[in-house]
Amino acid sequence: MQIREGLNYNPYFPGGAIAMPKMLIDGAIEYEDGTPATESQMGKDVVSFLSWAAEPEMEERKLMGFKWIFVLSLALLQAAYYRRMKWSVLKSRKLVVDVVN
Numbered sequence: 001m002q003i004r005e006g007l008n009y010n011p012y013f014p015g016g017a018i019a020m021p022k023m024l025i026d027g028a029i030e031y032e033d034g035t036p037a038t039e040s041q042m043g044k045d046v047v048s049f050l051s052w053a054a055e056p057e058m059e060e061r062k063l064m065g066f067k068w069i070f071v072l073s074l075a076l077l078q079a080a081y082y083r084r085m086k087w088s089v090l091k092s093r094k095l096v097v098d099v100v101n
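FYI, in the UniProt record's numbering the residues of the sequence shown are 1 to 101.
No lab work stands behind these hints: they were computed from the structure.
The reader is advised that the hints may include incorrect statements.
What the hints assert, rightly or not - With a Cα cut of at most 25 Å, we get these calculated SDA-like pairs of lysine to any residue:
1. Lys44 with Ala54
2. Lys22 with Leu7
3. Lys22 with Glu39
4. Lys62 with Val47
Claimed, not checked - Beta-carbon label-pair distances, calculated as ranges:
5. Ile29 with Leu72: 42 to 48 Å
6. Tyr31 with Tyr82: 52 to 58 Å
7. Ile3 with Phe70: 55 to 61 Å
8. Met20 with Leu63: 36 to 42 Å
9. Val99 with Phe66: 58 to 64 Å
10. Leu24 with Tyr81: 54 to 60 Å
11. Ala17 with Arg61: 41 to 47 Å
12. Tyr31 with Arg84: 54 to 60 Å
Backbone N, C-alpha and C define an ideal beta-carbon position, used for all residues, glycine too.
Whole structure, please, built from the sequences with the hints as guidance.
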């Protein structure tokens with residue numbers, strides 16, 4: 001495939017050539033913790049930031065969900081215990097049948 005001067009290859013663009021240069025290049029930035037700045041790592045960071053920017057309240061919702069799961073599991077245990085105690089009288093009663101001839 002021949003690409004004219006000033007164009008860059010992009011397999012996702014019709015014709016395979018686009019004038020916009022590559023945005024992510026290996027080693028373009030330097031991470032404080034020494035993580036290698038590869039294209040895939042920078043792409044992952046961009047996607048993580050965009051998902052956080054789209055839903056900044058997600059972590060708060062997750063925490064609230066865990067709290068609800070905890071509360072509902074306690075309510076389930078309490079309901080199961082109550083059910084067991086309520087019906088234990090009927091389940092444990094002894095029936096005596098007197099047969100009269």
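Hint by hint, here is what the structure shows:
1. Between Lys44 and Ala54, the direct Cα distance comes to roughly 15 Å. Compliance with the 25 Å bound is thereby established for this hinted pair.
2. Of the supplied pair hints, the one linking Lys22 and Leu7 holds, its CA atoms being roughly 11 Å apart against a limit of 25 Å.
3. A threshold of 25 Å between alpha carbons decides the hint, and for Lys22 with Glu39 the separation of about 10 Å falls inside it, so the pair holds.
4. This hinted pair checks out: Lys62 and Val47 have alpha carbons roughly 19 Å apart, not beyond 25 Å.
5. Range check, Ile29 to Leu72: about 45 Å between beta-carbon atoms, so the 42 to 48 Å window is met.
6. Checked against the given bound of 52 to 58 Å, the beta carbons of Tyr31 and Tyr82, roughly 55 Å apart, stay inside it.
7. A C-beta distance of roughly 58 Å is found between Ile3 and Phe70, which places it inside the suggested range of 55 to 61 Å.
8. Here the CB-CB span from Met20 to Leu63 is close to 40 Å, well matched to the stated 36 to 42 Å.
9. About 60 Å separates the C-beta atoms of Val99 and Phe66, a value consistent with the hinted range of 58 to 64 Å.
10. Between Leu24 and Tyr81 the C-beta distance comes to about 57 Å, which sits within the given range of 54 to 60 Å.
11. Judged by the Cβ atoms, the range 41 to 47 Å given for Ala17 and Arg61 holds: they are separated by roughly 43 Å.
12. For the pair Tyr31 and Arg84, the supplied restraint of 54 to 60 Å holds, since their beta-carbon distance comes to about 57 Å.
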